[in-house]
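Student: For reference, the chains in residue letters:
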Amino acid sequence: MSPGAPDLTVDSVTGIDVSLAVAGPGARSYAFLIDWHIRLILAFAWYACGALLFNGRLSLAVPATPSGRWFVLVLLPAAAIYFLYHYVLELAMRGRTPGKRVAGVHIVTRDGGAPGAGALLTRNVFRLVDCLPICYGVGLVAVAVTREHLRIGDMAAGTLLVYERTAAAAPAEFVSHGKLDATGMEIVQELLARWEALEPEARAGLARRVLSRYAPGEAGEAGDGAGAAGDGEALRRRLARLVGA
Amino acid sequence: MSVRSNGAARERALTGNLMKRAALWRDADARARRLARGRTDDAGDATRMADDYRLLAHDLARVRTLLPESRAREYLEAAYARAHATLHHGAWRAGSALLTLFRDELPGVVAALMPYIVWSTAIFVLTVAAGYALVHRYPELIALFASPDLIASVEHGRLWTAGLLNVVPSSVLSVQILANNIVVSLIAYCAGFFFGLGTLYILGLNGLMLGAVFAFVSRHALAGQLAAFIVPHGCVELSVMCLSGAAGAAVGEALVRPGHATRIESFRVAALSSGKLLAACAVLLVGAGLIEGFVSPDPRFPLWSRILIGVGYWALMLALLSGRLLPRPHAR
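As given, the protein sequences belong to chains F and U, one line each in that order.
Mind the numbering: the first sequence is residues 1 to 245 in the working numbering, read in order.
Mind the numbering: the second sequence is residues 1001 to 1332 in the working numbering, read in order.
Hint data in this document are derived by calculation from the structure and do not stem from the laboratory.
Any given hint could turn out to be false.
Claimed, not checked - Simulated pairs of lysine to any residue, SDA-like, Cα-Cα distance not exceeding 25 Å:
hint, chain 1, residue 1, chain 2, residue 2
1, U, 1020, F, 194
2, U, 1020, F, 81
3, U, 1020, F, 190
4, U, 1020, F, 56
5, U, 1020, F, 191
6, U, 1020, U, 1061
7, U, 1020, F, 30
8, U, 1020, F, 240
9, U, 1020, U, 1062
10, U, 1020, F, 146
Just so you know, these numbers come straight off a predicted model, no measurement behind them.
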């Protein structure tokens, strides 16, 4: 999530607004590039398989006199995959595509809901303007200069690309253990979640600091041999015991 | 000192109590996910959703204050956003979204765009007449509008459409035509983004070409044959041209004369509304393309059947646009 990205704030009847982080040019381009590769590969795969079957030999060449069957069975589906990819998938996947899923973004309306069929079609039709003059030049400039990072298609359809909020794992239910409070539990859970990604010395140091604050007795039991694998595992077990995991 | 430590103890207690509700959050989020995907039709789930929404809102407000930089906040923000979307927008299915578009929204869009449809049709008819008059008066101008092959074919007393099926199979012809027409239709709409001038150009150019070609073939006594070729698919194809032009003109006018709204807001309202018409245009052009590939160039179809197909398909188009083809179910 880019730090400077604005939020889409949606009012709600409870008085607590819904906050969605708007995706910037980077996330958009990333999603588009993934989708572009997927549709290109799928379209080419269809064409290649069709051509091989149709020609009956190892050749992807168009027959000297292409028949209607060649056109309808080989060329047309490949073109349809390439050109209708965004139209069909965004409609079928509630404003998402495989590329958008990987980039962690999806399309929403200004009230935070999934856009309707009309909005999705309008958004995609305006790719004709966004892709001018080459390589989505107009779209990229529009995304860069607008506060909410909108391309022309988004302006036309009243949609925005926002980040999916799926990063956080569900928090465990808090059960008080000695000095451990809810904030401490957050810290311990965060440390356990990132345990494997941290350097052994760093995680052992962090674990000792956490244990000395919330369970001083446990910190001493872990031993002083920093860097030893067994010691690290003992610290991890003690942290897990602390939050009842 | 004691006041401060009391405050900290109170905050710890509040935070602890709040975090004890994590299991409720997980249940609420799971329910919202099930309902959003339409994977449950349990009335109990739907009823509990409203309570879940209030619970999540309440706890999110407290977490924003007590644990502003926490994973719990991140989780609750996501769960609350999902519950909000589920409660306010319901489950989403592509089929029902398309049905809503064609059955519920399209007739209203057509009614709202009626002045633009009338104007773009008038411009198209005028440019057809202008093209006809120009080439009728100055036949050499046909070179501006038609290809040398077309001109040579007509000068030899044959329409370029004659024997078309001997060269290209109907299926190929249909797809080529419908793809081309859909692209022209989409461009006519999107060109409205250039303050309506692009739409006007495309509408005018197509009108001039049609009028010019008709004038040219009528000089060689082939107008009847051309009309017989055009009638089955042309009634809808030309109407769709005017509809796309109307949608583009609405977008153009929103940019030229935004009224009280900002230019972008005005553009958004006009484009979103008129863009829905484009979906109908694309569907109609698929049918017109199939007719143009399979019926129009086939000499086995007599004139009466061509007129029947053309007018019948046009009536179907009117029924779709007016909402009579897909009537809305009566409210109980």
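Student: Each hint should be assessed against the structure and marked as holding or not.
Tutor: Evaluated hints:
1. U:1020 to F:194: holds (23 Å)
2. U:1020 to F:81: violated (49 Å)
3. U:1020 to F:190: The given pair, whose Cα atoms are some 17 Å apart, holds under the 25 Å limit.
4. U:1020 to F:56: Between residue 1020 of chain U and residue 56 of chain F the Cα gap is close to 67 Å, so the pair fails against 25 Å, i.e. violated.
5. U:1020 to F:191: holds (20 Å)
6. U:1020 to U:1061: holds (16 Å)
7. U:1020 to F:30: violated (39 Å)
8. U:1020 to F:240: Cα-Cα ~17 Å, so holds.
9. U:1020 to U:1062: holds (13 Å)
10. U:1020 to F:146: Given pair residue 1020 of chain U, residue 146 of chain F is violated - Cα atoms ~42 Å apart, limit 25 Å.
Hints 2, 4, 7, 10 from the list above are not met by this structure, while the remaining hints are.
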